[in-house]
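Using the sequences and the hints given, assemble the complete structure.
This is what each chain is made of:
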Amino acid sequence: MHDGAHDPIAGTLLDDAPCGYVVFADDGTIRAANATLLDMLGYARDELVGRHVESMLTVGARIFYQTHFFPLLRLHARAEEIFLLLRARDGTDVGTLVNAVRRERDGEWRTECVLLRIVERRKFEDALLRAKKEAEAANAALVASQEQLEEQAVELEAQATELEAQSEELRTINEELMERGVELEEARAAAERANRAKSEFLATMSHELRTPLNAIAGYVQILELGVHGPITTAQQETLGRIERSQRHLLRLINDVLNLARIEAGRVEYRIERISVTDLVESVLPMVEPQMAARRLRSFVRVPGTLDVRADREKTEQILLNLLSNAAKFTPPDGTIRIVASPYDDGRVAVRVEDTGIGIPPEKLTSVFEPFVQVDASSSRRAQGTGLGLSISRDLARGMKGDLTAESVVDVGSTFTLLLPAG
Amino acid sequence: MDVLARNNVKVFGRGTQPMLFAHGFGCDQNMWRFVTPAFEADYRIVLFDYVGSGKSDLDAYDAHRYATLDGYAQDVLDVVHALDLHDVIFVGHSVSGMVGVLAANREPDRFARLVLVGPSPRYVNDPPYVGGFERGEIDGLLETMEKNYIGWANFLAPAIMKNPDRPELGQELEASFCSTDPVIARNFAEATFFADNRADVREVQVPSLILQCSEDIIAPTVVGEYLHREMPRSTFRQLRATGHCPHMSHPEETIAAIEEYLRQPAAA
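Protein sequence lines correspond, in order, to chains C and R.
Here the first sequence is numbered in my numbering, starting from 1 and rising by one per residue.
Here the second sequence is numbered in my numbering, starting from 423 and rising by one per residue.
Be careful, since some hints might not be right.
[Said to hold, decoys possible] Which chain C residues face chain R? A few, computed with CB under 7 Å, are given here: (1) Gly60; (2) Leu75; (3) Leu85; (4) Tyr269; (5) Thr305.
[Stated by the list, open to error] Covered stretches of chain R, as calculated for chain C (at least 3 residues, CB under 8 Å): (6) 429-443; (7) 447-455; (8) 560-568.
[Stated by the list, open to error] List of simulated lysine to aspartate or glutamate pairs, DMTMM-like, C-alpha gap at most 25 Å: (9) Lys400/C - Glu313/C; (10) Lys123/C - Glu682/R; (11) Lys400/C - Asp278/C; (12) Lys132/C - Asp500/R.
Think of the hints as simulated: they come from the structure by calculation, not from any bench.
What you are looking at is a predicted structure, and each value in this text was computed from that prediction instead of being measured.
Note that beta-carbon positions come from the ideal geometry of N, C-alpha and C, so glycine has one too.
This is the structure:
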């Protein structure tokens with residue numbers, strides 16, 4: 001079927017050997033091609049023989065031929081296992097593996113090539129190349145992420161160092177604080193010891209002071225009764241002044257004694273269920289004369305069913321203190337309200353509200369401290385030891401309750417006694 | 423840094439004026455062996471391999487430096503400085519034509535003449551400029567190169583090359599491919615075929631000879647003519663030799679053309 005007139009291969013064993021075969025001159029002119037190669041590329045013999053060997057290569061393969069294959073043949077006279085992509089007549093590519101030798105034959109230098117079509121191997125190589133590229137890309141990504149991790153690690157290390165420094169600083173501060181805490185604890189213990197000693201002293205002193213005061217009261221009464229003979233009106237008046245001064249002094253001493261007892265932890269409570277209404281009804285009359293003197297109105301709102309668990313006597317003492325304070329510090333024509341209601345979990349609030357001079361915010365907590373009254377001027381306005389609120393709160397707390405204060409200057413104050421619900 | 427070892431520099435010949443031969447992509451200094459004997463008597467012949475090619479020191483390869491032809495031009499200048507060459511006749515094949523242009527533009531005082539064998543300032547078409555190739559066709563070359571390196575160089579060569587018991591295997595590989603590292607070969611191919619030195623050739627002050635082959639698909643005649651138009655002081659010489667490697671396929675004609683050019687006074 002092929003015209004073999006100019007081709008020495010035509011009709012020989014080589015013509016249909018199971019590999020392509022091509023011979024070309026140094027200038028690239030194809031001298032011979034076997035039928036297998038012609039079939040591979042779809043050319044008739046006379047379409048290929050006489051043309052340049054580049055005409056059966058893809059463009060990429062032509063460049064490779066010029067830059068690699070040709071120099072190789074020139075320098076080493078042979079080339080082995082070269083991959084070349086052939087371009088078939090219909091434009092399809094045919095991958096081939098080429099072995100070539102350049103030698104002098106028939107009076108000219110010729111290159112003889114054997115070409116093996118590779119299909120499966122090429123697929124494998126393609127897959128291998130792809131896998132290699134993917135592996136390289138993955139490796140690059142890995143390296144990148146590793147670098148990133150390393151950066152992060154460096155950053156974390158820096159942070160760790162910083163944290164460590166901060167931790168060290170905190171430790172130092174903590175140690176200082178602990179040292180100071182120990183000092184404070186020691187100071188607190190010393191203060192407690194001193195306070196207890198003071199309370200002991202006050203309790204003792206109060207007792208010692210009351211004894212002569214009682215003697216004074218007794219002898220005054222004996223004189224008043226005329227046991228030692230009749231007394232004049234002037235003497236009567238003088239004795240009255242002595243008696244009032246004695247009572248005042250006794251009240252002061254009693255207050256001091258009470259506080260001292262409470263602080264020394266020597267107070268005993270007899271807890272029982274008490275109706276709040278009862279409490280108010282028994283205390284209010286005690287301050288009514290005082291209120292009446294200043295034309296103060298009272299307003300009571302206490303639910304009849306409200307009970308507390310408390311020491312009756314001490315609770316009355318607290319309420320009396322609160323009411324007499326209210327009466328004392330409320331200007332004439334003011335109002336005192338007594339309001340009781342359930343407060344929170346198991347507690348009852350008894351509020352004493354007045355329309356008095358009020359307490360400045362910065363003094364609200366200190367009014368509960370011993371010997372404090374709001375200021376010197378109000379102290380003069382109202383007599384007292386300044387122990388009442390302190391004692392009252394201590395007593396309230398002693399009964400698992402509390403005493404708090406809210407106030408607005410020149411509007412009024414509200415004292416809230418909290419006690420366990422009955 | 424020992425440039426002479428790094429670039430496998432060989433110096434011989436009985437003359438004093440240096441002729442520095444630079445090989446092209448895909449090969450090494452061996453490609454000049456058919457033409458250098460003709461110049462040994464009158465010139466000082468200097469051969470070298472670019473880093474990454476031939477028997478150069480592969481450890482000196484820096485992918486960043488050799489990503490563009492500037493890195494290769496630096497190799498040329500490094501050799502010029504290492505031997506303190508002056509009045510150099512630079513002979514560059516293929517891509518080395520442009521490498522020589524870059525080197526001569528940087529240090530024109532060192533060079534007397536440029537002989538460019540099959541040069542091209544740009545291989546990829548950029549209408550209306552014709553370089554001869556489409557980008558996809560260059561990709562085809564890269565694929566072919568990859569395939570040819572995959573079987574051995576890529577997977578086997580590194581192991582074989584490092585096998586001291588069987589040095590002959592490495593030598594055989596070297597005989598097969600002038601540059602044996604596939605990554606380097608690919609980088610060189612990209613630096614070569616994606617280069618655009620059209621602006622550089624207009625700056626050339628050193629007289630030059632363009633040796634244009636016939637039927638050269640890599641550097642077609644239109645490209646050589648373009649170069650001659652654009653490059654100051656250039657001389658154009660059309661060879662009968664076909665293909666891209668006249669110094670190997672037609673050494674006599676190539677030698678004669680170079681000798682003739684060197685005898686003439688340089689173009690003004």
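A quick look at each hint next to the structure:
Here the hint on Gly60/C is kept, as its CB sits about 2 Å from the closest CB of chain R, short of 7 Å. Taking 7 Å as the C-beta cut-off, the interface hint given for Leu75/C holds, the closest approach to chain R being about 6 Å. Taking 7 Å as the C-beta contact cut-off toward chain R, the hint placing Leu85/C at the interface holds, the least distance being around 6 Å. Among the interface hints, the one on Tyr269/C is violated; its C-beta lies about 91 Å from the nearest C-beta in chain R, farther than the 7 Å criterion.
The criterion of a C-beta within 7 Å of any C-beta in chain R is not met by Thr305/C, whose closest approach is roughly 94 Å, and the hint is violated. Coverage of the region 429-443 of chain R by chain C is violated in this model, with 0 residues showing a Cβ closer than 8 Å to a Cβ of that chain against a need of three. Coverage of the region 447-455 of chain R by chain C holds [criterion: at least 3 residues with CB-CB distance below 8 Å; count 6]. Evaluation of the coverage hint for the region 560-568 of chain R: fulfilled, as 9 residues show C-beta separations to chain C shorter than 8 Å, against a requirement of three.
The hinted pair formed by Lys400/C and Glu313/C meets the criterion: a straight-line CA distance of about 15 Å does not exceed 25 Å. Under the criterion of a C-alpha separation no larger than 25 Å, the hint pairing Lys123/C with Glu682/R is inconsistent with the structure, at around 52 Å. A distance of roughly 20 Å separates the Cα atoms of Lys400/C and Asp278/C; the hinted pair therefore holds under the 25 Å criterion. Restraint check for Lys132/C and Asp500/R: the C-alpha separation of about 36 Å exceeds 25 Å, so the hint is violated.
The structure is inconsistent with the numbered hints 4, 5, 6, 10 and 12, although it conforms to all the rest.
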